[in-house]
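Colleague: Protein sequence lines correspond, in order, to chains U and X.
The numbering of the first sequence is this note's numbering, which starts it at 48 and goes up by one.
The numbering of the second sequence is this note's numbering, which starts it at 211 and goes up by one.
Be aware that one or more of the hints could be misleading.
What the hints assert, rightly or not - With a cut-off of at most 25 Å between alpha-carbon atoms, the simulated BS3-like pairs for lysine-lysine come out as follows:
1. K1038(X) to K128(U)
2. K185(U) to K655(X)
3. K820(X) to K169(U)
4. K829(X) to K408(X)
Claimed, not checked - Partner residues are not named here, just some residues of chain X that face chain U (Cβ under 10 Å, in silico):
5. P322
6. R323
7. Q326
8. Q327
9. L527
10. L529
11. E668
12. Q678
13. G681
14. V953
15. S959
16. I1039
Stated by the list, open to error - Taking CB as the label site, the calculated pair distances span:
17. S163(U) to S651(X): 42 to 48 Å
18. S122(U) to V570(X): 46 to 52 Å
19. S959(X) to A189(U): 41 to 47 Å
Don't read these hints as lab results, they were simulated from the structure.
Glycine is no exception: its CB is placed at the ideal position from the N, C-alpha and C atoms.
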Amino acid sequence: MPILETRDVSKSYGTGDAAVAALRGVSTIINAGDFVAIMGPSGSGKSTLLTILGGVETPTSGQVLLEDADIAQLSDDERTKLRRRRIGFIFQSFNLLPNLSAVENVALPMELDGKSRAESQKLAIAALDLVEMSHRQKHLPAQLSGGEQQRVAIARALAINPAILLADEPTGNLDSRQSDRVTKLLTDLVTQRNQTIVMVTHDPSVATIAGRILKIRDGAIEYDGPTEEAQLSPDHAIARPTIRVHGAARQ
Amino acid sequence: MALGQFSIREVVARPLRAILTISSIAIGVGAVVAVLLSIETTRQTQRDMLRAVSGKADLEVISDGANGFPYSVLADIRKADGVEVAVPSLQRFAKLFHSDGDARTQVIGIDPRIDQQVRDYDISEGTQLKKLTDVVLDASFAKSLKISVGDEIKLLAAGGLKKFNVVGFATPRASSAISLGGAAYLVLPAAESAFASKSTIDQVQLIVQPGSKTEDVKEALAQILPEGVTIQIPRTRSQMAEETMFATENGLRMSIAFAVLICAFIIYNTFQMAVGERRRQIGILRAIGATKRQVGWMILREAIGISVFAAALGCLLGLYGAEIISDAMEKMTQVTLPGGKITWQPFAIAVGIGVVVSLVGAILPARRASSVHPIEAIRAIETSHNQEVITATFRASLIAFAIGLVLLFAAINGYLPLGGDVVALVVLLLAIVLLIPSILSSISKLLVACMRPWLGVESELARRQLTQHVGRSALTIGVLFIAISTTTGMAGNVLDNVKNVRDWYTRAIIGDFFVRSTNPDISTGAAADMPADIEAKLNQVAGVEFIDAIRYVSARSGENSILVVVRNFVGKPTDFFDLVEGTPDEAVEGLRNGKVVVGTVLTQRLGLHKGDKIPLETKLGTRELEIAATTNEYFAGGLTVYLHSETALELLDVSGVDAYVIQADDNRLAEVEKQLQVICQENHIILQSYIEVVDFINNKVNGIIASLWMLLALGCVIAAMGLINTLTMNIIEQTREIGMLRVIAMTRSQVRRMIFSQALLLGVIGLVPGALAGVFVSYVISLSAFSILGHNVVFEMRYGLIIGCLVLGMFIVLLASLLPAERAARLKIASALHYE
């Protein structure tokens, strides 16, 4: 079942001669339970695509349908409400509020959405439990390791029970041990909760955990298909997967 | 050079921050220039007047009474050893008529052959005096009256109305024009005739021979001078005028201090932010070889560059502000200030203050920048200094409290000079401000607990942001606290004093009509003499019950220049004084028996009370006069002694009249007024009804109030700038966080609400205790007024004023947050997420 669909989405910055096309006619469908890795060289338009998928930015032309609602047609407030109810974001640099504890960070989007403090806290603790961070719920971000901060950020994204999780280089700031733990967590979310995830990454070894690769070059989709086929592409050598999901065999 | 370019690009890259900083410094410097320029102009005018009148004299001989001393004394003075030149003069007020109207003038009768040896002026147009009908006018005075050389004027004084030809203009040599009613020079015999004061002079200016000691000459002359004539080193005769202006100047100085404080805060805030934002860049500079010193200097150079540019703008603003303040001063002092008078000193001081304050404000951020470790910066690790700030400010607060309380005790009990109470209050307010970092967390928690039901989780986010930067938040709260406490404190005090003034004149100025030749000087009461035959004409008016003549005489009591008010005290005893000690009957009975009634400012200064004796320099030497009562008094700054005319004639050789108070039959007031109008018109003198006199005083009081409100408004503007600066800085610093909040959950209106919540928290924490502190300020000033005025200015709790200031303050706070809130709400999410 399609969760998110783009139809001929283009995005350009600037006007006239100075206009730069970041995306050109991107069309794709992301189904429930998909784990999609967006890859491509720097400046190819990966992050722009992710921000447009999440309704942070609007396309210059084309449609972005999240559960059949055209994000591009919504007002700023409507997009914000859609984000806080249906989309979970995970950032490379975690983006936790430094002056809020782990549980407060996780509860914040729900409180902003009008849920009571008690209910928000309860859901936040449950989300922290899911990422095995409930024992550190009172800690401030500065008191947590990078991996722990990212798991709190994932809990924040999950707490709202989103239709889709958008992750921008989620392991980019982590060492290999912490990176493995985060990738395993993401994998478990897909396999155990049928969570839809779209992840931008530079790291081929991280990309292998996804069941599907979406390669972008110069703002256009160069490849959209299973991870295994992408491995055969001479331009993008992908390390041998250790874990693969969404229809791929596990090793 | 490379670092210089880097700095310039950094400033240009953040135009909003640069504009806020520059405008804040410019307003601060502008306020300093405006206030200093107007004070300097007023003071300089008074000094010029003195220089023109007393000039280059080493010594001056003056009369203790109002009628001067015989011309023959001059011959004795000239014979004395060590006297090089002795120049006589006769100085009285008169009314000047010209083709377009009239004005009060100080007539100076001189000997034109030798006068310029002691008085420092040039004849800038026309010629020096030659004939009895010649008059030389002060150039700026003549210009303001549109009088030209060759015109004819008339002078009205005790000798009647006399014509004179304007033959020249005098310009003080050292700097600008004379005022205080303007000066008109006549040859001495012509002045004697004008004032019906035959063979009499008021002053002799002396120059001591080279090689002789001034003190020796003074002592020698003191031996030969007759009773009632004093020799002294020339001193500011405008002392009384300066004392009456003391409160206003004090207020102006407080506003300067406030403006400078805000400047320092804004500069500190700006550069602290600049260093915080550029931490990574500074780390890179350090990594590639910039030394700590180079990095520190880079920040300081930026501060100097910005402050010099802003100070230049501030000077222009200050010129405009000075015009407004000078206008208010003119109204208050009745002194015609010369227009366009600009000295360089205020600009130099203001620019100096601007640059020094900028450096002081930038020193800590520069140190912070130079201490950035390359590795630490590149990893973007932010170290919190909150605990250090809290500990340091708490200790400083305790010390400031201790000092402030000691100073306050000393001020209230009169152990400190004038203005000591202001210093004590400033220290105490500073102590409270220093306490803010220690209590910010708990107070803000309490407030958020109350606000949360209405403002939601945004209020909690706002609180966290404020407590994350304790130092900066405390500074902003401190600015608001000081702004409102000084506003409510000073406003309360002004209103208390105004009430006191109104109580005074409703009790002390009673009469149906007042007749005088010119409006009196508010500091000395002096007006032009009236024609000698007026009293007889007034007495003939049908319906007049009685007439009381008033004469104001400058005299001395010990070291104090005082004003002696001489009258007959005809009428009801309750109609003359606003008594502090003694009853009306005791006062009037005492005056008739040769006693005196004394203004409480003077009794307080001399430590005297009812029944004590006060020294008075008279023509018979120093006399000790018993005090029958003490009275609240505002003429001559309260340095006033009331004498019955019989006593005054005996002691001071008083003649002439400054004003008549007329009491009429209540049923014939209109009839009396009509007759008086005819007499006054015929004799070119002023008739005022009681209502008109009250209006006259009210206008003066309202002028003072208006200028003080204007200063307070300036304080509000500066405080608002500080707040906009802080909130904007907060938002710049929160850019990334706001971007993230917008991505995950926050609508634009929620962002706005968060910023409003920050403003609200800052406002409530700063304004509510500030308003209460203002009440305390007002109360303490009223207490310490006793040591100056000798009576209590009754303190009144004004709930309306407090609530009004609070509402206005909160309105300004919320208004100031509009721009930053909108800026935050409109942040582009994608770029905000990558903001560093």
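Colleague: Now tell me, hint by hint, if it's right for this structure.
Modeller: Results of checking the hints against the structure:
no. : hint                           : verdict
1   : K1038(X) to K128(U)            : 17 Å, holds
2   : K185(U) to K655(X)             : 18 Å, holds
3   : K820(X) to K169(U)             : 79 Å, violated
4   : K829(X) to K408(X)             : 18 Å, holds
5   : P322                           : 81 Å, violated
6   : R323                           : 84 Å, violated
7   : Q326                           : 76 Å, violated
8   : Q327                           : 77 Å, violated
9   : L527                           : 39 Å, violated
10  : L529                           : 45 Å, violated
11  : E668                           : 8 Å, holds
12  : Q678                           : 5 Å, holds
13  : G681                           : 15 Å, violated
14  : V953                           : 5 Å, holds
15  : S959                           : 7 Å, holds
16  : I1039                          : 5 Å, holds
17  : S163(U) to S651(X): 42 to 48 Å : 25 Å, violated
18  : S122(U) to V570(X): 46 to 52 Å : 48 Å, holds
19  : S959(X) to A189(U): 41 to 47 Å : 30 Å, violated
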